[in-house]
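Protein sequence lines, in the order shown, are assigned to chains A and B. At position 98 of the first sequence the residue is numbered 97 (numbering that gives the first Met the number 0), and the sequence of numbers has no breaks. At position 150 of the second sequence the residue is numbered 149 (numbering that gives the first Met the number 0), and the sequence of numbers has no breaks.
Just so you know, the hints here were simulated from the structure itself, not pulled from any lab data. All C-beta atoms in this analysis are idealised placements derived from N, C-alpha and C, irrespective of residue type, glycine included. One thing to keep in mind: the hints can contain errors.
Part of the chain B face toward chain A, derived, beta carbon under 7 Å [to be verified]: (1) GLY44; (2) ARG47; (3) VAL48; (4) ASP49; (5) GLY58; (6) ILE65; (7) GLY92; (8) GLY135; (9) ASP137; (10) PHE139; (11) VAL148; (12) PRO153; (13) PHE154; (14) VAL227.
If you want the building blocks of each chain, they are given just below.
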Amino acid sequence: MGSAVNLLPASQLEPLKRGYARAVSAKRMRSLLFLACLAVAVLGAAEVTEINPALLWAHRWDLLDYFNRCLTLDSGERVWAHPFGHDGWLWNLPTWLSLLLETIVMSYVGTLLGGAVGFVLCFVASANLTASPWLRGGARRLLEFLRTVPDLVFALIFVEAFGLGPLPGVLALALHSTGALGKLFYELVENIDMKPVEGVRAAGGGRLAAVRFAVLPQVMAGFASYLILRFEINVREAAVLGYVGAGGIGYKLVEAIRKFYYSDVSAIVVLVIITVFAIEMGTGVLRRRLIGTEARA
Amino acid sequence: MPEHAAFGDLSAAAARHLPILADARRRAWRDLGVAALLAALVVAGLWRVDFGFARMLAGLTKFGEILWRMLPPTPDTMSRFLFYLHALLETLGLALMGTLTAAVIAFPLGLLAARTVTGSGILHVILHRLFDIIRGIDRFVWALIFVRVVGLGPFAGALAIAVSNVGAFGKLFSETFEAGDPRPVEGVLSTGGTKAMAVRFAMIPQVFPVILSQVLYYFESDTRSATVIGIVGAGGIGLVLYEEIRTLEWQHVACLIVMILITVAAIDALSGFVRRSFIGSEPRDPPRD
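Just chain A, same shape as in the assembly (with noise of 0.2 Å):
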């Protein structure tokens, strides 16, 4: 019995080892070359933003006091030793949640209204269904162009134009949902089967007609899960939004950081946090039971 591996004989051993070397050797030069236009740019970025670790590391025992503070009444006490009554750490409890509400109703008529204009040109924007390339591009670079503007910048520019309150805050989220949810709509209409579409035409249906009984019911459920979805992101970003005066909690909690009300801080952040939490458990329900109605249907 020889040794149970066959070993090649050297002449037809070297070229294959002369081309693993090769192939190795490519890989490290293209990841070195990566890594050496990373550092650049690494240095680069720090020496423009002005990173300074001894700075921070001066002000480290600030960062921890600014935690403590937040979690400190006026009067000495911890926050949770003194949760309620007038001088304790939820004194403006209904406040807060009253913006908390509008808040969430923000974010809910934001995301339905982005939604429906999204809808309408998801079926504008989607190769299978529009013919024409210019009305194609165009939809798809509106939606493009919604989706990147960040809707602070939309909230800004509206703040201007309607006066401050939560009405610029719903159409700004309302723009930027639109340019969202219409990208991930018109991709789940260009994944569909089209044999229903051409079932509905060969019977002498319309256009609409085959969106109606063939698109929308393939459609809907995944519709349905990215609205929930976007509901759920639009939430934190209405949270956001009254840094600029666009409504909701966000202006109370800028307003508490920039006049020191340490304890207001703690309190509306936790409030956000739980918030934003209850409502990821209430739509993670509601997607879960959504894509159960999908696998059943």
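We have chain A; now place chain B onto it with these hints.
Chain B alone, transformed into the frame defined by chain A:
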């Protein structure tokens, strides 16, 4: 009507398939009810946000005027354009530093939080709660806090992006480690390798493409958020944009928005290039921004 002859015995057919039709009808009513409820909530919500036709009309008129005044987008002077470019570079720097720092910090934390690596359930739970808390605090709040700690400027913004990314990366990385195939790890251990060797030679080669893809995805999304984080004084083009909007310099605003759009598109293209050259054509996560 002869062309409807096929429907002649419609009522008879309906009678034969009563349960099926009743079910469909019930579902149609339910869908209608859900739609009506959603629409009613939108109407109630519009009322809550002070939606009124007079206000909409006035606002839209003013908005149209603003759009008109944005044309043509221009920075007016060369020196202002260079100032904008510098702010834009600062934005890119914020995103890069924030993403990379977070990735470097979150990598060991993700390893520690992965049950399959450490075998510790307690560490997993503690670290995951920590990640949850960090992610629960919005990055604008982090930015405001860091502005208090290290002063106004881009450093505060970079810290804010880094910290909030640590929460996201820690969770993603540890999930990636846990999803890894355990067999290569067993292979290394069974041939006498140490635990550290198992991580280096069996775990990292598996997760590296996934993690790189996640980091690239966050870099794209951080670029977008770094364009606005300046609004709270944390550096980048957001502060410039905010000031131009407040002073109603609409042509400058339009110029800044165009610059942001071009930058975001360029970064998407760049990260797509890196993704393709290192990972191959990996399908990407649905965008969450």
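Checked hints:
1. Interface restraint check: GLY44(B) against chain A, minimum CB-CB distance 4 Å, threshold 7 Å, status holds.
2. For ARG47(B), the interface hint holds, since its Cβ comes within 7 Å of a Cβ in chain A; the closest pair sits about 5 Å apart.
3. Look at VAL48(B): its Cβ gets to within about 4 Å of chain A, closer than 7 Å, so that hint holds up.
4. Annotation: interface hint on ASP49(B) holds; nearest CB of chain A at approximately 6 Å, less than 7 Å.
5. Using the Cβ-Cβ criterion of 7 Å, the hint placing GLY58(B) at the interface with chain A is satisfied: the shortest such distance is roughly 4 Å.
6. This hint holds: ILE65(B) has a C-beta 6 Å from the nearest C-beta of chain A, less than the 7 Å allowed.
7. With its C-beta approaching chain A no nearer than about 4 Å, GLY92(B) sits inside the 7 Å limit, and its interface hint holds.
8. Using the Cβ-Cβ criterion of 7 Å, the hint placing GLY135(B) at the interface with chain A is satisfied: the shortest such distance is roughly 4 Å.
9. Taking 7 Å as the C-beta cut-off, the interface hint given for ASP137(B) holds, the closest approach to chain A being about 6 Å.
10. With a cut of 7 Å, the hint placing PHE139(B) at the interface with chain A holds, because the nearest CB-to-CB distance is about 5 Å.
11. Of the supplied interface hints, the one on VAL148(B) holds, with its beta-carbon coming within about 5 Å of a beta-carbon of chain A, less than 7 Å.
12. With its C-beta approaching chain A no nearer than about 4 Å, PRO153(B) sits inside the 7 Å limit, and its interface hint holds.
13. Hint on PHE154(B) holds. Least Cβ distance to chain A is approximately 5 Å, under the 7 Å limit.
14. Because the smallest distance between the Cβ of VAL227(B) and any Cβ of chain A comes to about 4 Å, under 7 Å, the interface hint for this residue holds.
Taken one by one, the earlier hints all hold for this structure without exception.
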